[in-house]
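Novice: The lines below spell out each chain.
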Amino acid sequence: MDNKLEKIVQTLQEKFGATFEEFRGEAHVFVKPEQIVEALTFLRDQHEFALLSAMTAVDYWPQESPRFHVIYQLTSLTQNLSVQLRIPVNGSQLKVPTATGVFAVANWREREIMDMFGIEFEGHPDPRRILLPDDLDGHPLRKDFPLGYEEPQFTFNFEEIDVRKPYVKE
Amino acid sequence: MGVEQKLGNMGVVTTTLETAVNWARTNAMWPMLFGLACCAIEMMSAQAASYDMSRFGMELMRPSPRQSDLMIVAGRVSRKMAPVLRRLYDQMPEPKWVIAMGDCASCGGVFNNYAIVQGVDEVVPVDVYVAGCPPRPEALIHGVLTLSEKVKGEKFKDLTKA
Amino acid sequence: MDLALWIEFIIKGFILIFAVLTGFAYLTLYERRALARIQTRIGPNRAGPQGFLQPIADAVKLIFKEELTPARADKVLFVLAPIMTVVPAMILAAVIPLGTQFTLPFLNRPITLYVADINVGVLYLTAIASIAVYGIVLAGWSSNNKYAMLGGMRSSAQMISYELSLGLCFVIAILLGNSMSLLDIVEAQKGVWFAIIQPVGALVFMVTTLAEVNRAPFDMPEAEQELAAGYHSEYSGMKFALFFMAEYEKMIVISMIAATLYFGGFREFWFLQNTWFSVDQHWWLGPIYLLLKVVVLLFFMIWVRATWPRIRYDRLMAFGWKVLLPLSLALVFITALGILLANQFGAVYIWMIPVLSIVAGLFTALLVNMSLRRKVAHA
Amino acid sequence: MLLEYIAIGVMIALATVIAVIAIGLGELFGPKKKSSVKSEPYESGIAPIGPGTRRMPVRFYLIAVLFILFDIEVIFFLPWAVVFRQLGLFGLIEMTVFIVILLIGYIYAWKKGALEWE
Amino acid sequence: MTPDLIAFFVLALIAIAAALGMLLSRNAVYSALFLVLNFGTVAVFYILLDAPFIALTQVSVYAGAIMVLFLFVIMLLGTETLPASKALPWQRPLAFILALILAGEAGYLLFFRNVTSGTIPQPVQTFGGPQALGQALFNQYLLPFEITSVLLLVAMVGAVVLTIKKKGEQ
Amino acid sequence: MVPVSYYVALSAILFTIGALGVLIRRNPLIIFMSIELMLNAANLAMVAFARIYTVLEGQIFVFFVMTVAAAEVAVGLALIVAIFRTKHSINIDEMNSLKG
Amino acid sequence: MSEYQLQEIPVGPYKHLVSERAISGETMILNMGPQHPSTHGVLRLVLELDGEVIVNCVPEIGYLHTGVEKNMEAKTYLKAEVMTDRLDYMNNMGNNLAYVMAVEKLVGLDVPPRAQALRVILTELQRIASHLVWLGTTALDLAAMSVFLYCFREREIILDIFEMVSGQRMMVTYFRPGGVWRDVPVEFEAAVRDFIKLLPKRIDEYEALLTKNPLWLDRTVGIGKLDAATALQHGVTGPMLRASGINWDLRKVRPYMGYEQYDFNVPVATQGDTYARYIVRVQELRESLKIVEQALNKLPMGPVRSDNRKFVTPPRSEIGTSMEALIHHFKLWTEGFPAPKASIYNAVESPRGELGVYLEGDGGPKPYRIHWRTPSFDNLSVVPQIVKGHLVADLIAILASTDIVLGDIDR
Amino acid sequence: MLRELTRGLGTTLKSMFERPVTVQYPEEKRPVRPRFRGRHVLKRYDNGLEKCIGCALCAAACPADAIFVEASENTDEKRFSPGERYASTYEINMLRCIYCGYCEDACPTEAIVLGDNYELSFTDRRDAIYDKNMLLEPAPAGMQTTPQKTPSGVFTRSVPDMKDPQD
Ligand code: SF4
Ligand code: SF4
Ligand code: SF4
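Residue numbers (the numbering used here), protein chains in the order written: chain A, 12 to 181; chain B, 23 to 184; chain C, 34 to 412; chain D, 3 to 120; chain E, 3 to 172; chain F, 15 to 114; chain G, 2 to 412; chain H, 136 to 302.
Honestly, the hints are just simulated from the structure, not real lab data.
Hints are not guaranteed to be accurate.
FRET-style restraints, in silico, Cβ to Cβ [unchecked claim]:
hint : chain 1 : residue 1 : chain 2 : residue 2 : range
1    : A       : E170      : G       : K198      : 55 to 63 Å
2    : C       : F85       : G       : K198      : 38 to 46 Å
3    : C       : Q314      : H       : K149      : 19 to 27 Å
The beta-carbon is built from N, C-alpha and C at its ideal position, and this holds for glycine as well.
Kindly produce the complete structure, drawing on both the sequences and the hints.
Specialist: Structure below.
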């Protein structure tokens, strides 16, 4: 891991009591959900991490605490560094403060996570579904959401599936 | 009410007229400008110089469903898109045809999941399925020719598909 | 007023309308094939030999297509609008002379190769052209569709704006021909085409024409990238075909007008005067010459369409109002001045017109260029 | 003279008849199948939202006004052009005065931004 | 009945009907269109009266420009239909009386002062043509002509002043 | 040749209709249209008279009338538009408030 | 007489996104898309228009939501790869690359140098193809229709090369973890060389039609200005970011696949308008050609697949002879290979910007979580900001200049 | 400015005199590249035996689940393929198949190969399910089709020796 990055991670550890993991040169820093906005602001303002490259979440169902990780991938263009912040989210407490104030890009990204994982972002300016139709129940990227696989048709099951399928006939 | 009532039963005349009209329809089928995903790009390629669908009188891609005869569902139809697709189809005037281009449109293809409609025939009646992911432009043209064959066999009374 | 005259009128009217209609049908093919060639494609070639039956296929298909009237549309106007668009386009050709005249064998009856030669021919053109706006406004309005509404307003505003420069270009031709009768204007071009005396005028006329018939790069109603299908978004079947027809017929007719006013009309090329190829010798050459000129002018339109990007709507209006209008006004005055000088001091001074107007034209181009530069620098 | 206009009249009648026939043909031969969705306005495949309004920007109005006024100017130009050779220099001056006065208005409108779109 | 007369009556009927149509239409767009029709028929009358230039000017200016403006304004304001409002109490009778008077006058003209056609001389060929009009316009009526331009100027300025909003308003 | 009185009569009728329109309609646009109709009726009479006396004055007059009509319409409709934009209504009864 | 009633359709969920004037009906709400010629697929824009001026623009996406991420979780690493082609369907090779690199990084797999060079050549060709489509469609949106057909004509050559190497024109699935599918055929080099000879002339042609054309300038210059700070705030990357004056190209700053060996420039413009984006992309076309040429010249010989049998299927010639190879073959095709319980984030420079893959393994043969950080998604999110106050026509130009691909946005 | 405009016109005019690049499908067909992945073909050995041994590896490898294989036992009386088993049912749903070529890669006997045919359009979804008969290539000239009666003990080896594919 890069020296500069190491220092930044250290300051993060000191400031936010963050824990830290490394895998193949990538730094994954765990912070507490309440502190995420602060941490992001800190990284943006103090360490020139101007780009929130990616933001996503992972579901560790059936594990309940933490059930989710919300992931922020930050990039500093000037120093050519990347750091990943992760916050654990409990299945019972699906609320994370919004980062839209820090990075405008978080707006849509958070909407996507809301849509896909059902994690709520408190204070989000436009909390609507983004990708999925409004009438869909559930959050597809959760592990307990079924894939929705349908059997492909072959001669032996053609009719059987046809009967089940809602065709329009004109 | 279709033509056949107006023309009455005139046997030969109707048949000749049918042939003529079907010929015209196959040669002047204006597709709706409607692309969904990857297949749409191949559809564009089919319009482009190397394949040139205009040879079939098909370059007049109409942006409005009101003026189009053919809906090429080029790509995957998501559950969110399905009502839109249906609405567009409904807004096309008769006679109209649908080509499901590509696997996704035909049956969901590799995307066998919650988000994609497993075959647009759940939403609109499909006349021709074109296999391929994406079908080569030639394959699409083949599909169009298949449709032409089908149209040539149509009778006036089928036109107002009941 | 005898019966024969009525019959003559009807037949001539029919033939003219028929000619324009066929012209329309084959213009669509011509355009599709020419565009295809420019784009290294082939174009429709499967309906009949070389796609020759393509227009017929299109027509038949459209006839047998459902005519749809949206529920919230104003039914009467919705039907009326295409008619009101297509009729002016068709009758515009009435005053254009296609040739001189010939005597009908057996009947010994002189037949003129035009429907009407009225002494206010040019005014007729402006009047009819201005009527054509209604169809589009009403189509946009009656469809009760937001795209159609925007498209209709846009194109009608565009048409009326460019009518002004069009009118002024007519004025130039009148000045040069000293008559408002199109026949006189053609005859006045026996020696030199007005396009040579007033090249910039001819150019402005062509540009205006493009806008007037809503052709690229001024094809706002066709601006499908913005407004789907514009004012005819809701039209289907034959009603839509009529709009299509009107557009292409107007293209033809307006090319005919351009040919008549600036390119010697049905007259032979000046170097063919007094030869076998002269219209005076063989009346039937007249329509052929005109057709030739029209085909070339149409190619120009198609070519431009294939090449240039579309201009933005506000620019289009600004171009019409701020560039073409003053320029054509200036051209009118230059022409008048030239004629005056020629009358006073001898015919050579007529050549002052092209010189001055080219200067004016270049100056305008320069100004436009500068404003563009400024914009580029600003950005 | 009148004859020529009768010819034009005949032409107008013919053109109208042809246009009506064209639409009639379509109405006659086209299949018909109504449905409620079909007759709804087309808006990219989505039901229209927001209050339907047919109101147009005031620009269009201004353009039309300016058009009327300049159209009249063009109309005045036409007889002038026809008799220009008889009028001679006098005619030119006359017209110049006329146009200059109009141009004042034109420039005023330009400066006021009536020709601007944004 | 000569053909002229038949033509006249037919056209007159159309003209009147169109005028009435304008008056009675509930929808302003229709009113405008009826008026256009009326103008068109009047233009035909002008042609019959040997005034072709005026006729086509009528089409060009009235039908082609003024009525287009009307249509634009109707669409601009979105007032195709206005609620039928009550007339002031004195208006209806007054209108009625006026109508009576004028109809009487018309009848009088039609039936009692039937000027025979024989007395009207056939005018010269160019009568009503652009040449003649131009000559008159640019010689005798020079002053009105120039004044017209002032009028147009005033109208232009007026329209601009009334409709252009100053920047910053709204 | 149609007797000129016929034209005058027609003109009168059209004029009446125009006048009626001004009086009974409340939509200012229609009122404007009625005014146009009246002007037009007058024009018709003038052209008719020009024809019987074979003088051009009538026609020239019509020419000017059209110009005036155009100018009037331009300003008049501008007024309506301006009023509408401030008051969001063009009912003529409500326009009284403009006086104040 | 027609009875016309105002349609009162509620503004619904857009209430907080449009201005008050829209609710009173003073401004017009217009739907553009999902079926609209210039929204490049199934994007839907809800526009609030004051006349023709855009007051507000609300993009509605998801009409092409394909569930790729979820679906990939249900497939082995190898089988999931076919989905990557279909994400951003203009950048199939690039997606393959991003994915296989992520997998390789996760499991720790090396790629032979020849495969690396081939990957570079093909991704750069893909970049050219993508930019050609972009140029063509943008030109078409602004009605320069010939450019569209010319661009597609040239793209056809690239697709032919793809077909030559992979058997498919678009959905190549050519890069595989540990290398590429098969070595390129012999005619590959000649075909690519022909192409790089031809294209510069063609680019000159496009430029003759567009670059200095006053109509084109008028439509693009000063339209849709995006300053660097806003761009970063909205996570904009790729040519759009570079057109706003920030020199950030992952190929340069974090070279992968041996990009550091090649000499190329990163075109940067400062204006940040539509024209700048156009210029940047056209220049990138030429730069990509440069890279292709260099890579082709340096193309090393050698194997194209890693011989780590744990992850890479054995060559066909071994299957018949070696039992061990046959077992590996069976195992890899049925079960797949396991990946460690860890996560990585790997980003490459796609024609549209930073294409990142977040890949998490759980020790099994299937991805536990895969997230695609797609550039179009963020690039689109800035559009509402920059179109405000422009005309509808400009929206077309701006949207075109962002080069969005809906498959990339909706995934 | 005028120069730029005319330059564009010149460019398009020049293209007009270029030869059209259009290939007039269906009259002329552009040959596909050797690697092209089109409709599948089930191969045979030179002696007419099917290569497919019904191992269903292709079905397992198929990302779209477009292949359905059912295997049965070969006997020397009725031999379809070398080795113990053969595919008694082999179906590919052409509308599901994404032509990725994984099946070809996965097949241990080079039995399934993606061919050149891309003209796959159907008016009925059912037609898109290709069964074994449609997929199987005809037996080489002079050879028997399957099932064959074969001497016992000869065709025991199901996976043959193969060369690395060149294209
Ligand atoms: S069939 Fe293939 S190419 Fe077509 S849309 Fe589906 S995934 Fe894309
Ligand atoms: S080509 Fe791919 S999708 Fe098709 S059958 Fe083979 S493995 Fe399945
Ligand atoms: S085709 Fe190949 S992989 Fe599939 S079952 Fe037959 S032998 Fe096995």
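Novice: Confirm or reject each hint.
Specialist: Hints versus structure:
1. Distance hint check for A/E170 and G/K198: the Cβ-Cβ separation is about 57 Å, which falls inside the suggested range of 55 to 63 Å.
2. At about 39 Å, the CB distance of C/F85 to G/K198 agrees with the hint of 38 to 46 Å.
3. Distance hint check: the CB atoms of C/Q314 and H/K149 are about 39 Å apart, inconsistent with the given range 19 to 27 Å.
Violation of the numbered hints given earlier is confined to hint 3; every other hint is satisfied by the structure.
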